[in-house]
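Participant: Now for the letters of each chain:
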Amino acid sequence: MMLVLLITVLMAGAVVAVLAGEWNRNFPRWIALVACVIGLLLVITLWAGTGHSVADSQWLMDYRKEWIPSFGITFHLAVDGLSLLLLALTFFLGVLAVLCSWDEIRERTGFYYFNLLWILAGVAGVFMAMDLFLFYFFWEVMLIPMYFLIGIWGSENRVYAAYKFFIFTQASGLLMFLAILGLYFIHGRDTGTYTFGYFELVNTVIPFKTAFWLMSGFMIAFAVKLPVFPFHTWLPDAHGEAPTAGSLILAGLLLKTGAYGMLRFVVPLFPEAVKEMAVPAMVLGVVGVIYGAVMAYSQTDLKRLVAFTSVSHMGFVITGIFALNELALQGVVMQLVTHALSTGALFLMAGMIKERLHTRDIEQMGGLWSPMPRMGSVGLVFAMASLGLPGLGNFVAEFLILLGVFQAQAWITVAAASGLIFSAVYSLRIVGKIFLGPRKTMETVPDFSPREMLIMAALTVSVVWLGLFPQPVIDTAKPAITELVRFMDVQNTASHDQSYVK
Amino acid sequence: MLMDKYLWLIPALPLGGFFILALIGKNMSRTWVATVGAGSICLSALVTFVVGGAFLSGMPENTVYTQTLWTWFEVGEFSAKITLSLDVLSLVFVFVITFIGALIHIYSTAFMEADRDYARFFASMNLFVFSMLVLVLADNLLLMYLGWEGVGLCSYLLIGFWYEQPTNGNAARKAFTVTRIGDAAMAIGLFMVFQQAGTLVVSDIGANASVIWQPNSATVTITALLLLAGGLGKSAQLPLQTWLPDAMAGPSPVSALIHAATMVTAGVYLVARMHTIFALSETARLVVAIIGAATLLLAGLTALTQYDIKRVLAYSTISQIGYMFLALGVGAWTAAVFHFMIHAFFKALLFLAAGAIIESLHHEHNMFKMGGLKDKMPVVFWTFLAGAISLAAVPLISAGFYSKDQILWYSWSADGGSPVLWAVALAGALITATYTTRMMILTFWGESHTHIGHLPGKRMTVPLVVLAVFSVFAGFIELPHNFGHFTLFSDFLHPVLPETAMQENIPSEWLFQLLAALATLGGIFLGYYYYYQQPARIASLRQNGLLVRLYRFWFSGWAFDALYDRMLVRPFVFIARINKSDITDKLYTGISGMTGEMYKLLSRTQSGSLRWYIMGLVVGAILILGIQIML
Amino acid sequence: MEIAFYIAGAVAIVATLMVITRHNPVHALLYLNVSLLAHAMLFYLLGASFAALLEIIIYAGAIMVLFIFVVMLLNLGKETAEQERKWLKLKVWAGPTMLAAILFAEFLALVLSSRQSTYSPAVVSPREVAVSLFREYLIGVELAAMLLMAAVVGAAHIGRHKKLVLHRFLKEEKEREEEKQEEMVL
Amino acid sequence: MKTSVSAEVVVLLAGLLFALGIVGVIIRKNIVFMLLSVEIMLNASGLAFVAAGSRWGQPDGQVMFVFILAMAAAEVSIGLALILQIYHQHKSLDIDNLKEMNG
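Chains as they are written, first to last, in our numbering: chain A, 1 to 502; chain B, 1 to 631; chain C, 1 to 186; chain D, 1 to 103.
Possibly wrong hints are sitting among the right ones.
What the hints assert, rightly or not - What follows is a list of derived Cβ distance ranges for each label pair: (1) A/451 / B/372: 32 to 42 Å; (2) A/355 / B/607: 43 to 53 Å; (3) D/96 / C/27: 20 to 30 Å; (4) B/587 / A/207: 30 to 40 Å; (5) A/355 / B/465: 12 to 22 Å; (6) B/619 / A/276: 41 to 51 Å; (7) C/27 / D/92: 17 to 27 Å; (8) B/594 / D/92: 33 to 43 Å.
Claimed, not checked - When the alpha-carbon atoms are kept at most 25 Å apart in a straight line, the in silico DSS-like pairs for lysine-lysine are as follows: (9) C/89 / D/91; (10) A/440 / A/354; (11) A/275 / A/354; (12) B/580 / A/440; (13) B/81 / B/5; (14) C/89 / C/78; (15) B/26 / B/5; (16) C/91 / C/78; (17) C/86 / D/91; (18) D/91 / C/78; (19) A/354 / B/586; (20) B/374 / B/458; (21) B/458 / B/376; (22) B/458 / A/440.
Derived from the structure by calculation, the hints contain no laboratory data. In this text, a Cβ means the ideal position worked out from N, Cα and C, and glycines have one as well.
Could you build the full structure based on these sequences and the hints that come with them?
Facilitator: If you want it as structure tokens, here you go:
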């Protein structure tokens, strides 16, 4: 029931916000804040309450109700450690997103917070849905409000960006839906029970060729969302044009749904095809790491720059997922969390700078350390996080991923490690161009306001905490990850036996 | 009394200082900033003395103080703990870091007095000391990597301390990026170590190295070389040496602490720490020795040509670290660490003294514009002289002689040594003496060219004097075998570092010492002859086109910068520039463009002419019927 | 009796050809009437006497009268014929005729490729037609009735004399054009 | 009145008439003539229906013809009304003048 509450609190908050917005411009933000905080508290109690039993079984909570029985569709939500982490992230970033839009959004606030909360609800649903139809439903739920968010409250080129975002995700989402239907019918034909339930479909035996095509359907949707190298081009536009909170949620949450989908659906549903595709996928990941980093270096628009660093970091994620061992997968989970924090913080910073200087062009910045030492320090921390400085969360993530990948494919690690160098190049460029060097503008720029300081302090503390004490996160995700690895091993031996029999 | 539970205080004190200064430093008075900044390091040094004293006094063989603070992270069979461990090797490093660090901090309280960002300076310095201490106290390679990257960050922050000048920022970026290349290789090295040893704990690796790896196998060589790459980056050895001279853009105390005494020797520490792996691979050791020898020669020749006093010192640092690598390569582990310690004393001294001079001369770096400071700044002169004789390794009376002589001797006689390495090292000694003399003469003798501002105060001179004393006398704790055979330092290190294996049938040590002394004195004479007695000869040398070209080549640091710029930086920037708008996006804009074109094409058929539509119908019918006929 | 069929067919073709080539609308209409009568003959020969009657009464009678009314109403006389003569050039009709010829050739090929068979057309009496019409096709008849109703109302509505009414977009466009012209004049 | 013709011949006749109707529609610029040609095409298809009905001795062919007839009547009445309107508004029956609906 709590899981349903998590979603309904957001959806209800959204509706109330849009109604209250008719009345007073300032009500919606308070309502949104309250809704997100309630959600965050719920997740925290959930986490605290199940903290001890985490190690025992993978699934912590389960809610199931018939939805459209004639098609075998159930309203099935469940949470394991992985989902729990991402849910916590969702609500944490949700609170921050509300806080950072506090003064930025002045027009149509009701509808704005409606969209914001609706996206969060969609994301939360995606992280919990255990019915493929329901999953697809939430997948689309988060898409449309995001389209509005970019298209209405974005900056100059917002319509183009919104369309691009919509078309990329929608088209790839349709492919996924086709794959879901394919899976549904294959399962139905084989067993006689037509169902969209995740736990039933996991056991579907699919011939390899079909599995490959179905997996491609899923993979393309997730790869676009993640984004994986050739599908990344919507990201810089969408990130660049979205309002600050939109960028934060895009980078922090929407990208994570892609990785979550791969971990939750692609790998367990199509183990053999995944194994077959592991090396090409990892290569794509590495290409993304390097390409994203080089692209990030060349950008002059701060938000686009940060967007490309996301491409680079998400390259690590897909590389890690397809390494298919515990080290790499734990690294992936860490990367999801820490990337959300570090990149989110960089986007927030870009938004704050834009509020002050009215530009995103880093060529017009420079020497901002002296008027804004606090922002400088925080910016430095997150630039360092994004280049993987030990002691900050991203290092743990990237180290584990690379260590895991090294066990699987040593050469890929060598190539990916070059990403460490490139990430240093672009991160230092960010710091150098914005904070160091001579001042370019003589406007007075105020340092952090208390609200901004609160946001940034929360993020900084989190990222340092994750860098030094990542064990709670690792332990929480552990049952899910070990289960996944065990599953793959079982599949491995099974398929091995099969081939031996043949 | 077992003092290991206080071990954590050594790095924690600087870290505490960093936090105080970083969070509230802006609002603190200068006195308080100085007190916290320098005080934390002094306290840390004090704790080091206490803990180290306890460690030494109660030391049974092979004792190691370890203290596990918490588990960093644990995944599957991989486990990394935040564990500090103090053994004799790390004790030497901790001693140097905290002791010299404390002196430099005291010096800085006066040196940086006028600076706007007093608190930021000390915060960064404290963070640096913390990271460096973590680096040397780490019991596993991952924690060491944390310190390793931490010092890189602080080096970046401090090189770019005066950030408003773009060149400083660029130098900082270059330093970080170049060392990062080594670090990336080192990270891969860590992965290899973990894959083969299943652990990153140094002592476990050391204990099982011979079980894990076949001697001289390809894997152990590759592992060693990858780790070495990290060391090369940090220690500014060939081919990653280009960042260090530019790093002189930072304040002089920074150069003294980070880019002379401590951080740049992290590579030496790493190789010494992982000597078990290096011992298993002859190839790797040969590579270390060759890189060391090549670097010392190259950097020495470059130092001969520089006019910026700090750049001379920077190249001499590279060169001296080259000696350390040479020693490590031939298997003379203790000699390398000994030279590290002595070098830390005299090079910190030289940098601090140079800083004092530069400060007094209104930020004049050019030695040719100095001169005649002998009488005007006596304290600085005498202390600088002490450092210089140590650097030049003047026989018997300087600490540098004892440490460098050992390396020269081992470079022939040790197991991995060879006459060629020795010859290179000897040539290096000659060059060192020459450029040291040149620097001394240009700075302190001759006519004064620049007006002197204020003279350094007590807080600056006292550290200079202390370091000068150490630069002269610290060498006596380790005397050559042939006179005295007083080997306190190497005995001290033997629990961790093995004795140097020697070749058989080698010539007498006396001969080597004589030759080394002659080289030094010859170098001094050369410098004296050309720069003091016959300065006109320099001008005549300038006429020679070949020499001028050679001079330019050496002056540019053997054109490495230009080479890397051509080969790496420019192609990278070029690719980044031309692809700014993302070529893959063309794929998608291409699709949408094609759709648009097709739309235009089709909308042209929507002409509004009824007859045209009917023609379309007819053609369609023709096609359909045609298809039916075909089938 | 085949001869009657072929004659009627030939008349229909020739009359139709004349319809599409005449310049004067009234002539064309008259030829069309002839063609329709030939059709009626064909229907009769095919045993569909009811259809033949309807063809004569409704088509040749009612519909053609409508046409003639309109032609008269619009006063399409000599000028129209002149205009038609100008329009009907070789290059205008050659292409479409080729296309139609190709279409017909394809049709021919398709029809002739099937088995040739002669048959005697069965006589289908009006009674059978009526029974079928009001039993199986009752819905169709109702729909046809509605269609005719709608056509009557529509024709009455459209045929009213109105002022020039433009769609609002076209109107704005026109206004803009006028403004532009005014500007140019100024 | 018994004829025995091959079904093909009748269908071909219908096809020929239909083709002529098409030609008429395409080559004429005057709407009145186009409407006439449309009538020809309708009749041709009616002929095909009737022929088919008589071939199988079924009334359906003629039923279809009746429907075609009804449709033709409706079409002609609307069409002629439109022609009147067009003529009033444009003072011309040239179809090429009525290109307002281009895309």
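Participant: All hints are to be evaluated individually against the structure, with a verdict given for each.
Facilitator: Here is how each hint holds up against the structure:
{"no.": "1", "hint": "A/451 / B/372: 32 to 42 Å", "result": "violated, 60 Å"}
{"no.": "2", "hint": "A/355 / B/607: 43 to 53 Å", "result": "holds, 52 Å"}
{"no.": "3", "hint": "D/96 / C/27: 20 to 30 Å", "result": "holds, 23 Å"}
{"no.": "4", "hint": "B/587 / A/207: 30 to 40 Å", "result": "holds, 32 Å"}
{"no.": "5", "hint": "A/355 / B/465: 12 to 22 Å", "result": "violated, 54 Å"}
{"no.": "6", "hint": "B/619 / A/276: 41 to 51 Å", "result": "holds, 48 Å"}
{"no.": "7", "hint": "C/27 / D/92: 17 to 27 Å", "result": "holds, 21 Å"}
{"no.": "8", "hint": "B/594 / D/92: 33 to 43 Å", "result": "holds, 40 Å"}
{"no.": "9", "hint": "C/89 / D/91", "result": "holds, 23 Å"}
{"no.": "10", "hint": "A/440 / A/354", "result": "holds, 15 Å"}
{"no.": "11", "hint": "A/275 / A/354", "result": "violated, 45 Å"}
{"no.": "12", "hint": "B/580 / A/440", "result": "holds, 23 Å"}
{"no.": "13", "hint": "B/81 / B/5", "result": "holds, 16 Å"}
{"no.": "14", "hint": "C/89 / C/78", "result": "holds, 18 Å"}
{"no.": "15", "hint": "B/26 / B/5", "result": "violated, 33 Å"}
{"no.": "16", "hint": "C/91 / C/78", "result": "holds, 23 Å"}
{"no.": "17", "hint": "C/86 / D/91", "result": "holds, 18 Å"}
{"no.": "18", "hint": "D/91 / C/78", "result": "holds, 16 Å"}
{"no.": "19", "hint": "A/354 / B/586", "result": "violated, 28 Å"}
{"no.": "20", "hint": "B/374 / B/458", "result": "holds, 19 Å"}
{"no.": "21", "hint": "B/458 / B/376", "result": "holds, 16 Å"}
{"no.": "22", "hint": "B/458 / A/440", "result": "violated, 40 Å"}
Figure legend: structure checked against the earlier numbered hints; hints not met, in rising order: 1, 5, 11, 15, 19 and 22.
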